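J.: With the hints as a guide, bring both chains together as one complex.
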Amino acid sequence: MNRPVKRTFFWMTVLILVCLLVFPMYIMLKISVSAPRDVFTQNPPYLVRHFTLSHFRDVLASGSVFFAPLSKSVVTALGTSVLSLLLTVPAAYAISRFRYRARYGLILVIFLTRMIPEISIALPVSITFIKGGLFDTVFGLMLAHLVRVLPISCFILVGVFSSFPKELEKQALIDGAGRLYAFFKIVLPLSLRGISVAGIFSFMFSWDEFIYASYLTLSKPTMPLKMYYYISRGNIFSSATYAVIITIPVLIFTFALQRYIRPGYLSGAMKG
Amino acid sequence: MAEVKLEKVSKKFGELTALDQLDLFVPEGKFYVILGPSGCGKSTLLNCIAGLEEVSAGRVLLGCRDVTHRPPYRRNIAMVFQNYALYPHLSVYENIAFGLRVRKAAREEISSRVREVSRILDIEHKLNSYPRELSGGQQQRVATGRAIVRDPDLFLFDEPLSNLDAKLRIELRGEFIKLHQRLGKTIMYVTHDQVEAMSLGEAVVVLREGRVEQISPPRELYHDPGTLFVAGFIGTPPMNVLSMEVGFDGGPVLAEEGIRIELPERFGSGLEPYQDGRVYFGFRPAAARTIKEGGQMNGRVVYTESLGEETYARVDVGSEREVTVARRGDIPGDCAQVGVEIDEKRMFFFDENGNRIKI
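Those protein sequences? They're chains A and B, same order as listed. According to the working numbering, the first sequence is numbered sequentially starting from 1. According to the working numbering, the second sequence is numbered sequentially starting from 273.
One chain only, chain B, in its complex shape (with noise of 0.2 angstroms):
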């Protein structure tokens, strides 16, 4: 087992900066997802933890280990890829055998080992198949299976379930949680899906070109986002963010061209050295409802939209801005005049660089 350290790693190709300085640390047995859009540098971070990629500078340690310059053969790491990269003129069998062979392990203990792997993976009664008679579901399994066959001190997953359907995907990921209970061994999980890394990580790395915007638990990063793009990366539907001008007016008030928000009294201090800027005013469609009249806000429905549990109304609240609220009882539909009820609570403010103000 290990834990995982990354002191102030580079990546660059050619112009490019994959990775830009960071740090990051994973303690052992620890199931961490790393979360970003395309292009944040996700998989070049995988890819230099596994030692596929060289890092252009700083250190990657694994235990106490300084591996920053191992092969990956030297590092005892599993990795799964996205397509999986199943041996196609191996068996399933010889696939999971695949890396207990390479280290020359004995006959009656490879077999003794790919059996229970593929019993755990429910993959037994096709151990004689080839990669390509097999479904995506099971191709995913054999790829896992590789992984967990040689007991490596750390699992690299680079977006696993992302070529799956749905139904699939919502499947594997309960395994995938079993597998980490089971397994207790340190896992780092690639996604861009933030519903796949809301579930399954006990903790949430948010990638943004090539740093770490926010570490935390799932939870804490929904409701106590560190910054702008956290807050609108996290959730769906995403939450509504206005940029508003700071006044006071007996009370703290934002406005913006007819929208004006009187906030409560003790917002005040905080928002203070704001006087006559600019904030970003943000909330969760979920922390706001449509009321009949009243409200922090009001405005005309556009369109709901049914998302089975909750319905979500657009409601257009001047000046063509538009905020996604829940949409509560027997509200008047389209076209309704509605108020909008925002829970103090629940209001998040953000500076004009995108990070947060706390109040």
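Pulled out of the complex, with its shape left as it was, chain A reads as follows (with noise of 0.2 angstroms):
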């Protein structure tokens, strides 16, 4: 094949891939904001025909019905993600200073949480947490999502340590640093980009957590639960409305991410 017919068969394959992950939000956002005529036709269109806020106004001006599960969904995303850097990054940097295969042993260690399904482990979760006083609240869904991000976070951050030059870490000994000053005033300064993905990407998992949530709330619904309540009664255009809320602050951190994740960033520490 030659070139031209090469490029253009490539384009096609990639527009064709990327309408096939975009139309199904498409369809969110065209239902969050079309009028219901649009929606119950018998031939829906696929343009928006009669464009209104209308849905947005409804669930904003909802109050606390729509505001109590925003806060709590950010507040655990936070907490969760907070809780996790604070426990994973110690553990990722020990790790990682273990031998090769050591190394990758505890890693498979950690994954052997995520190889149980969480529909099955959630019910004995949600047991010992009402024991424990944890059901229905933010921190016990925190430690709940935790359970499904530290084995993330930690494979994230065990990579960042890794490659992290050895020589910074072995110069700052030989200027006189103990283990830890050089962990805090060299590693960790400059391990803070891969750091932040891992934060986000802690956030993002508990962000848009439906299973644990579900078991583990009584009252007080996060996000993903209000958006499963408005598909359970049939409210399409509130489901429509609560999941393009949701998707918003996952589409910036995506993006963020992408710009993060950029070799280069420790040149001109290291010659040769």
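Check before you lean on any hint, since a few could be wrong.
Pulled a few chain B residues facing chain A out of the computed Cβ check, cut under 10 angstroms [said to hold, decoys possible]:
id, residue
1, Ala322
2, Arg347
3, Ala350
4, Leu358
5, Phe370
6, Leu372
7, Arg375
8, Arg418
9, Val573
Listing some non-contacts, in silico: residues in chain A with all C-beta distances to chain B over 10 angstroms [what the hints assert, rightly or not]:
id, residue
10, Leu17
11, Leu47
12, Arg49
13, Thr52
14, Ile121
FYI, nobody ran anything at the bench for these hints, they're computed from the structure. The structure displayed is predicted, hence computed values, not measured ones. Glycine included, each C-beta is placed from N, C-alpha and C at the ideal position.
T.: What follows is the structure in structure tokens.
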């Protein structure tokens, strides 16, 4: 095949894939800004005929019905990512300093918790949480989300710390720093990008988490639960609107992440 | 200031033995160069002295202190790595000041020391730059500045010049010598570059497979190598080495497939134990010359190469054996038949284990 044909083929493939991925999101967005008569017809149009922001207005006007789940989701997600970093930064740093084989083994063990389906482990977890008084609390939900988040965060950070140039750390030790001082003054500041990637991943995992939230919640739902509430009642406009609101931070963070994951940051430290 | 003493130091990485019961003594204030091929344990040796690697056995002494099990920060050693390891998120000033800040030095002291050091190394105008904005030579200077700023007992340099181009390397080599004269501190300097070793060191430690092969002043290393390994490793072009059979025909004779070298009578007693056995016969290219006729060997010139001051001829002396010989005067060029005259005072003999046979 000659080059122009190849290029056309390539871009065609990309276009088809993008359409497949974006189309459901488009439908979600479309419903959230369409008047009901655009949706409740025999043949719903693909384009928005009657644009309206009334669904968003309704959701925002519903007061604590909307803002209570929003704040619970935000607080839980933020708390989960902060807690996960507090736990996984030291853990991953330690693991990354093991020899390669030991490191691999430890990561496998950490991922063992992910091998059990959440749907089956959530029940015993929630029973334990009820006994511990953590049922229907933000902190309890954070702990449950950590089960999900810690292995991923740890995995990312082991990669970050493993690729950290050993010489810089050695140099700090030679310069008279203890291990902790070297970690806080040299390793940590230079690994901030990797750490923020792990933090954002943790946030997003917690943000749209559903299973633990549904097991551990009675009266104070999170955003995904609220959305499910509307779906189960057939209110597709509210659920689409909630879906859009849930999606926005995920989109923003994904774009931010894409900028963060960039090589060449440590250039200038090493020669050769 | 401190002398360095290693007693039976071993370092193993799993199955691999990097240092093998190594003994070494570096007197106070001396500039010692550790020289050896890659993988001989040079860098491991420095790491063990610095405390970055725990030794598997043996003792490390600095001055009179046994520091074998002390962490690096309790050894007061400075080390410069091959890739400089400058902190990329800190300015040049902060890079140099780091070691002082760790020790919680006073602000004024840090400032005056950093400025003094940067003046010595001529990087004053770069104090606010970041490492990535510096040239290779400047990065090297910052790394050196970071080492000297906090007045350590011992300096360790791990191939600090190997990432620079040839011209800069020679320039900075001179600066290292001046620096040593100014500071008067003990320096251990690792390199695989024999020219660097010969020009810098007051003594050169040749390392081979985790053991000390020879410790000598550079001139002695060249003119009086203790082993075949040292003889072959030091000197450019390398020493000519021929494996020969020892015989006696009136006087001592070395023979091998058509090559026959008659040696002076006085070598007889030294070579007698090796009669009918084999020895390695070595001579430096500069200790031999091509002549029109005669000499100990003769052969055909394969090619000549000019290294500026000197010109060397590659001579085929028979049986696909070639030697490199200094070419003097208006000697015929390629393919000419020549004699090779070797300076009798500069002939070397080694036994089959590579140990020098003193004659």
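J.: Determine for every hint whether it applies to the structure shown.
T.: Evaluation of the provided hints:
{"no.": "1", "hint": "Ala322", "result": "holds, 6 angstroms"}
{"no.": "2", "hint": "Arg347", "result": "holds, 9 angstroms"}
{"no.": "3", "hint": "Ala350", "result": "holds, 7 angstroms"}
{"no.": "4", "hint": "Leu358", "result": "holds, 6 angstroms"}
{"no.": "5", "hint": "Phe370", "result": "holds, 5 angstroms"}
{"no.": "6", "hint": "Leu372", "result": "holds, 9 angstroms"}
{"no.": "7", "hint": "Arg375", "result": "holds, 6 angstroms"}
{"no.": "8", "hint": "Arg418", "result": "holds, 7 angstroms"}
{"no.": "9", "hint": "Val573", "result": "violated, 40 angstroms"}
{"no.": "10", "hint": "Leu17", "result": "holds, 38 angstroms"}
{"no.": "11", "hint": "Leu47", "result": "holds, 51 angstroms"}
{"no.": "12", "hint": "Arg49", "result": "holds, 55 angstroms"}
{"no.": "13", "hint": "Thr52", "result": "holds, 51 angstroms"}
{"no.": "14", "hint": "Ile121", "result": "holds, 39 angstroms"}
Against the hints set out earlier in the document, a violation occurs for number 9 only.
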